[in-house]
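Protein sequences, first through last, are from chains A and B. Counted the way this note's numbering counts, the first sequence spans residues 207 to 759. Counted the way this note's numbering counts, the second sequence spans residues 207 to 759.
Please note: incorrect hints may appear among the correct ones.
To be verified - The calculated DSS-like cross-link candidates involving lysine-lysine, where the alpha carbons are at most 25 Å apart (straight line), are: (1) K445/A / K235/B; (2) K747/B / K715/B; (3) K646/B / K235/A; (4) K316/A / K235/B; (5) K445/B / K235/A; (6) K646/A / K445/B; (7) K518/B / K445/B; (8) K649/A / K646/B; (9) K470/A / K445/A; (10) K649/B / K641/A; (11) K649/A / K641/B; (12) K518/A / K445/A; (13) K235/A / K316/B; (14) K502/A / K235/B.
As the list claims (entries may be wrong) - According to the in silico footprint, chain B covers these stretches of chain A (three or more CB under 8 Å from chain B): (15) 233-239; (16) 407-418.
Source of the hints: derived by calculation from the structure; they are not laboratory data. In this text, a Cβ means the ideal position worked out from N, Cα and C, and glycines have one as well.
Protein chains: 2
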Amino acid sequence: MSKQEPGYITAAEMAGRQREISVAEFFLKNRHLLGFDSQAKALLTTVKEAVDNALDACEEAGILPDIRVRVVELDQHIYRVAVEDNGPGILENQIARIFGKLLYGSKFHKLAQSRGQQGMGISAAGMYAQLTTGKSLHVTSRVKGERTATELYVSVDTTRNRPRMHGKKRIKWDRPHGTLIEAEMEGRYQKGAHSIEMYLKQTALANPHARFRFDGPHGEAIAWRRKTRDLPPPPVEIKPHPRGVELGRLIQMLNATTSRNLLKFLQSEFSRVGPKTAREIIATAGRNLSERSLPKRIAHAQANALYRAIRKVPVSAPRTDCLVPIGETRLLEGMKKEIDADFRIVRTRPPAVYRGNPFQVEVGIAWARPGGVGLAVDKKGHITKAARRKRDNAGAIALQADEPAQLLRFANRVPLMYEQGGCAITHAVLQTNWKHYGLKQPKGALPLAPMAIIVHLASVWVPFTSEAKEAIAEYPEIEKELKLGLQECARRLAEQLQRETRLQHEYDKRSHIETYLPHVGIALQEILRLSDKQRDRAVRKLDDTLHKTRKIQ
Amino acid sequence: MSKQEPGYITAAEMAGRQREISVAEFFLKNRHLLGFDSQAKALLTTVKEAVDNALDACEEAGILPDIRVRVVELDQHIYRVAVEDNGPGILENQIARIFGKLLYGSKFHKLAQSRGQQGMGISAAGMYAQLTTGKSLHVTSRVKGERTATELYVSVDTTRNRPRMHGKKRIKWDRPHGTLIEAEMEGRYQKGAHSIEMYLKQTALANPHARFRFDGPHGEAIAWRRKTRDLPPPPVEIKPHPRGVELGRLIQMLNATTSRNLLKFLQSEFSRVGPKTAREIIATAGRNLSERSLPKRIAHAQANALYRAIRKVPVSAPRTDCLVPIGETRLLEGMKKEIDADFRIVRTRPPAVYRGNPFQVEVGIAWARPGGVGLAVDKKGHITKAARRKRDNAGAIALQADEPAQLLRFANRVPLMYEQGGCAITHAVLQTNWKHYGLKQPKGALPLAPMAIIVHLASVWVPFTSEAKEAIAEYPEIEKELKLGLQECARRLAEQLQRETRLQHEYDKRSHIETYLPHVGIALQEILRLSDKQRDRAVRKLDDTLHKTRKIQ
Numbered sequence: 207m208s209k210q211e212p213g214y215i216t217a218a219e220m221a222g223r224q225r226e227i228s229v230a231e232f233f234l235k236n237r238h239l240l241g242f243d244s245q246a247k248a249l250l251t252t253v254k255e256a257v258d259n260a261l262d263a264c265e266e267a268g269i270l271p272d273i274r275v276r277v278v279e280l281d282q283h284i285y286r287v288a289v290e291d292n293g294p295g296i297l298e299n300q301i302a303r304i305f306g307k308l309l310y311g312s313k314f315h316k317l318a319q320s321r322g323q324q325g326m327g328i329s330a331a332g333m334y335a336q337l338t339t340g341k342s343l344h345v346t347s348r349v350k351g352e353r354t355a356t357e358l359y360v361s362v363d364t365t366r367n368r369p370r371m372h373g374k375k376r377i378k379w380d381r382p383h384g385t386l387i388e389a390e391m392e393g394r395y396q397k398g399a400h401s402i403e404m405y406l407k408q409t410a411l412a413n414p415h416a417r418f419r420f421d422g423p424h425g426e427a428i429a430w431r432r433k434t435r436d437l438p439p440p441p442v443e444i445k446p447h448p449r450g451v452e453l454g455r456l457i458q459m460l461n462a463t464t465s466r467n468l469l470k471f472l473q474s475e476f477s478r479v480g481p482k483t484a485r486e487i488i489a490t491a492g493r494n495l496s497e498r499s500l501p502k503r504i505a506h507a508q509a510n511a512l513y514r515a516i517r518k519v520p521v522s523a524p525r526t527d528c529l530v531p532i533g534e535t536r537l538l539e540g541m542k543k544e545i546d547a548d549f550r551i552v553r554t555r556p557p558a559v560y561r562g563n564p565f566q567v568e569v570g571i572a573w574a575r576p577g578g579v580g581l582a583v584d585k586k587g588h589i590t591k592a593a594r595r596k597r598d599n600a601g602a603i604a605l606q607a608d609e610p611a612q613l614l615r616f617a618n619r620v621p622l623m624y625e626q627g628g629c630a631i632t633h634a635v636l637q638t639n640w641k642h643y644g645l646k647q648p649k650g651a652l653p654l655a656p657m658a659i660i661v662h663l664a665s666v667w668v669p670f671t672s673e674a675k676e677a678i679a680e681y682p683e684i685e686k687e688l689k690l691g692l693q694e695c696a697r698r699l700a701e702q703l704q705r706e707t708r709l710q711h712e713y714d715k716r717s718h719i720e721t722y723l724p725h726v727g728i729a730l731q732e733i734l735r736l737s738d739k740q741r742d743r744a745v746r747k748l749d750d751t752l753h754k755t756r757k758i759q
Numbered sequence: 207m208s209k210q211e212p213g214y215i216t217a218a219e220m221a222g223r224q225r226e227i228s229v230a231e232f233f234l235k236n237r238h239l240l241g242f243d244s245q246a247k248a249l250l251t252t253v254k255e256a257v258d259n260a261l262d263a264c265e266e267a268g269i270l271p272d273i274r275v276r277v278v279e280l281d282q283h284i285y286r287v288a289v290e291d292n293g294p295g296i297l298e299n300q301i302a303r304i305f306g307k308l309l310y311g312s313k314f315h316k317l318a319q320s321r322g323q324q325g326m327g328i329s330a331a332g333m334y335a336q337l338t339t340g341k342s343l344h345v346t347s348r349v350k351g352e353r354t355a356t357e358l359y360v361s362v363d364t365t366r367n368r369p370r371m372h373g374k375k376r377i378k379w380d381r382p383h384g385t386l387i388e389a390e391m392e393g394r395y396q397k398g399a400h401s402i403e404m405y406l407k408q409t410a411l412a413n414p415h416a417r418f419r420f421d422g423p424h425g426e427a428i429a430w431r432r433k434t435r436d437l438p439p440p441p442v443e444i445k446p447h448p449r450g451v452e453l454g455r456l457i458q459m460l461n462a463t464t465s466r467n468l469l470k471f472l473q474s475e476f477s478r479v480g481p482k483t484a485r486e487i488i489a490t491a492g493r494n495l496s497e498r499s500l501p502k503r504i505a506h507a508q509a510n511a512l513y514r515a516i517r518k519v520p521v522s523a524p525r526t527d528c529l530v531p532i533g534e535t536r537l538l539e540g541m542k543k544e545i546d547a548d549f550r551i552v553r554t555r556p557p558a559v560y561r562g563n564p565f566q567v568e569v570g571i572a573w574a575r576p577g578g579v580g581l582a583v584d585k586k587g588h589i590t591k592a593a594r595r596k597r598d599n600a601g602a603i604a605l606q607a608d609e610p611a612q613l614l615r616f617a618n619r620v621p622l623m624y625e626q627g628g629c630a631i632t633h634a635v636l637q638t639n640w641k642h643y644g645l646k647q648p649k650g651a652l653p654l655a656p657m658a659i660i661v662h663l664a665s666v667w668v669p670f671t672s673e674a675k676e677a678i679a680e681y682p683e684i685e686k687e688l689k690l691g692l693q694e695c696a697r698r699l700a701e702q703l704q705r706e707t708r709l710q711h712e713y714d715k716r717s718h719i720e721t722y723l724p725h726v727g728i729a730l731q732e733i734l735r736l737s738d739k740q741r742d743r744a745v746r747k748l749d750d751t752l753h754k755t756r757k758i759q
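So here's chain A without its partners, still in its complex pose:
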């Protein structure tokens, strides 16, 4: 081996430095990837991960969610965050791993719509708490039907990504079932667009079947009521669609299957493949493949032929009953409650597919008439002086004329609070030509209007741009659906605004004429020497005629 200069090292020395990196260490050092890059974000991310899990658990168990969030300031920049749900509870032997191990969960390996999908978020919150205050996560959980609850402290052993647990005991708990998580961490409590309050408000908007209560560190006590008692249907798990599979994955599936022959393999491992389609795929593949070929024995070249056959043979589009959109009615209810607006437009698009994954887009627009006009139109088109909107919901999102529209983004009913600029939803909104629909829009910016745009993407697998799940990646199929949804709503908005403008003009003209009608009557009376009664009749007749010819439809 050649002589080395000082400071430089040999291949053997280099080898000695190679080491395994635990996934927990990795995310501890890169905690910004999971949403723990600042004190303010850490508090919100913790609440978000806990609430996501709580909603998922309640819905999977068929329970109407009842969620309570408390944030207490313990010291300067030190907070206790507590999230409590009425879910089915967690089995004692699962608690440690669920909260003390990254990449452990029930949602990663299945194709079904859920809020969580990685099995990382809540453990990462615990890890961050541990890192900043040295305190373990405190978990209390009572399983539905059990008489006592389990209480324990858990942290992540980061060098091995394993849970470390202490103080486990069974306790009495006055809740019949549910889970309470408490974490002490460095944080910064903030108001505004990235606040816990705003997150809960938007979560309530997208989850009208859930009830939330928030107690903040400055005495805030806010409740969001349930707007419906209908639970969304339980999420249905689907199998992958053959068109979404890659060659390497197909080879892996062939090796791992328990199916005894190729015909059964194709039918049981994929959705939308019946015996007829399976036979056609096998016949198209050729290469000595038959219905009775043993999956594990299929060679690389044969697998490749099978892969190409799958792309050639027509297969029905993926099942879409696995998707649970919010739905137009409920989205409307949510918007009415959480956004202070005059009218709303909603649209749930039909399901579509990207890379074999079903997804569905929903768009809502809420519009507030500029305060001064005071005009409102009822369903029959009659002009009424608008009763001042009831401001009973003082915390509602307010919309301002000549300000950029407020964009609320959601994925699987979870509000996306950060990374607006890097999200497919934002891009679709920016690329929509709002001028075409009569709105002001600076180049490359959000339209300027007293408007909120709500966009929801539901999918069995949401392609997020990072583990922090704050923005959706740009798949062409998703972008297309987003744009179609936005355009539909924008068109209906433009119609409504045009109609209102026309009505306003009519109203202005008519009141103008109405003002002068008595004077016309007096002039007629003088010219034609009418009696007062005749004059009044003439005025009434003129008024009637005006109403008929200018009838507002």
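Fit chain B to the given chain A structure using the hints.
Coordinates of chain B only, in the frame set by chain A:
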């Protein structure tokens, strides 16, 4: 246990679905996080990861890098990517893990400037190749000093994140040392801003000590020569600075240390802590802590006191000799070769610190005078008609007037090719008021100028916004340094441009006068009845005076 409705599940059923997720499965499903979201990006990311590793290995071993990249089209959308280096080679028993296991490497656990830091990139490339074509990564490596090379095929067993290897043998290889990686994968070969060629061009710019050769699928054969034989000094590893440590991490370090007392612990585990500072920290902490306290026995409240003391007691700023910037001279050389410009401004800022991590910013500006002017100024300020720029380097980056400036971003000498919008460097450039320096700049956009802006961040730990390492996260300390570096260069650019404008005016005026001087001479001759000799002397005198009064400094 209460009766469940169909579709809903109990806590026990939920528990049965909980499973561990292998980190390889996680990144396979989320491969866009590692830069494998599209066929075009997959090719580039593979080259990038292999070249990063090659450069790191060469530099660590004190070898001038000599790197060859080949891309061959095997079938429609199927490519073979080969990257070969002259590095020190990899020990046979390490090859499988380095290429067949995610989160395995030598760079994660130390604080030292390197291109790689995660131990994931190249294994992910292999995983993507396996997924899309079913083919394992082919690795050939010869360790410096050994007589034969090792050849083997390796893939990632994704369900367990372990390497799977086959076909290992010792072979003759005509290279004295180095590593060759070959991967077959789905891909799309593209030209332009996100091409392999552009990546190599920029890599050559930031690594003037390295030589590159690229053979593309369409017969491209491009070489980038070495511009210097001086290797950058070997990266120095540092210990964490006490100010960058969090409470939880401090507790972890107290538990894991081999130091027998607190005094030794503080000195040996942190940089910049000598006996005096250590004693002061211990005294400030109080709480019964002494120099001889056993680190493993320190209670939570004591650790907290220690943590607060560390923040109070003055500690020298972190060491910065661990940083290896490109340097002004070399950056200038690289820019001269790779960017077709008329003049260049470079600035290496002094080192700074974010979260205890030293970092350093370098900025370069290359400016091309619009073709028509043809004015150039040498060091003495004399006006010369500019010799037409030699266009010998036909592949150089060309700059256009009235086009947005070209922004080239680098982190630890690696060009960042994607996610420009989400990068701290871009934000710093956009927030710089270029109008103030005489340039056109649309609101919120890059300045419009025939200019390239090069920004390099060197750090012992670059905070990337995602595992794909395409953008730098926004830390206030980093943003500040970026802005200062940009402002300095912009100021010098403005001076240079003002000077050129002034010179151009002088030049225009003078040549104007010079044109009329002979006519003035003739007029004087007629009025004063001068001889031809007297007339010529008068003209010369006038010319001299003009040159003196209008002297260009």
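Hints versus structure:
In summary, the hint linking K445/A to K235/B is supported, as the alpha carbons are separated by about 15 Å, within the 25 Å threshold. Note on K747/B and K715/B: the hinted pairing holds, with a Cα-Cα distance of about 18 Å set against a maximum of 25 Å. Of the pairs offered as hints, the one joining K646/B and K235/A is violated, with about 41 Å between alpha carbons and a cut-off of 25 Å exceeded. Using a Cα cut-off of 25 Å, the hinted pair K316/A and K235/B holds, with the two alpha carbons roughly 12 Å apart.
For a cut-off of 25 Å, the pair hint linking K445/B to K235/A stands: about 15 Å separates their Cα positions. With a C-alpha separation of about 55 Å, the suggested pairing of K646/A with K445/B is violated against the 25 Å cut-off. A threshold of 25 Å between alpha carbons decides the hint, and for K518/B with K445/B the separation of about 20 Å falls inside it, so the pair holds. Proposed proximity of K649/A and K646/B is supported: the alpha carbons are some 17 Å apart, at most 25 Å.
For the hint linking K470/A to K445/A, the alpha-carbon distance of about 14 Å falls within 25 Å, and the restraint holds. About 20 Å separates the Cα atoms of K649/B and K641/A, which keeps this hinted pair within 25 Å; it holds. Restraint check for K649/A and K641/B: satisfied, since their Cα atoms lie roughly 20 Å apart, inside the 25 Å limit. Taking the CA atoms of K518/A and K445/A, the gap is about 20 Å. The hint holds against a cut of 25 Å.
For the proposed pair K235/A and K316/B, the alpha carbon gap of about 12 Å is at most 25 Å, so the pair holds. Distance check on the hinted pair: K502/A and K235/B sit about 23 Å apart at the alpha-carbon level, within 25 Å; holds. Counting residues of the segment 233-239 of chain A whose beta carbon lies closer than 8 Å to any beta carbon of chain B gives 4, which meets the minimum of three for the stated coverage. Under a criterion of three residues with beta carbons nearer than 8 Å to beta carbons of chain B, the stated coverage of the segment 407-418 of chain A fails, only 0 such residues being counted.
Hints 3, 6, 16 from the list above are not met by this structure, while the remaining hints are.
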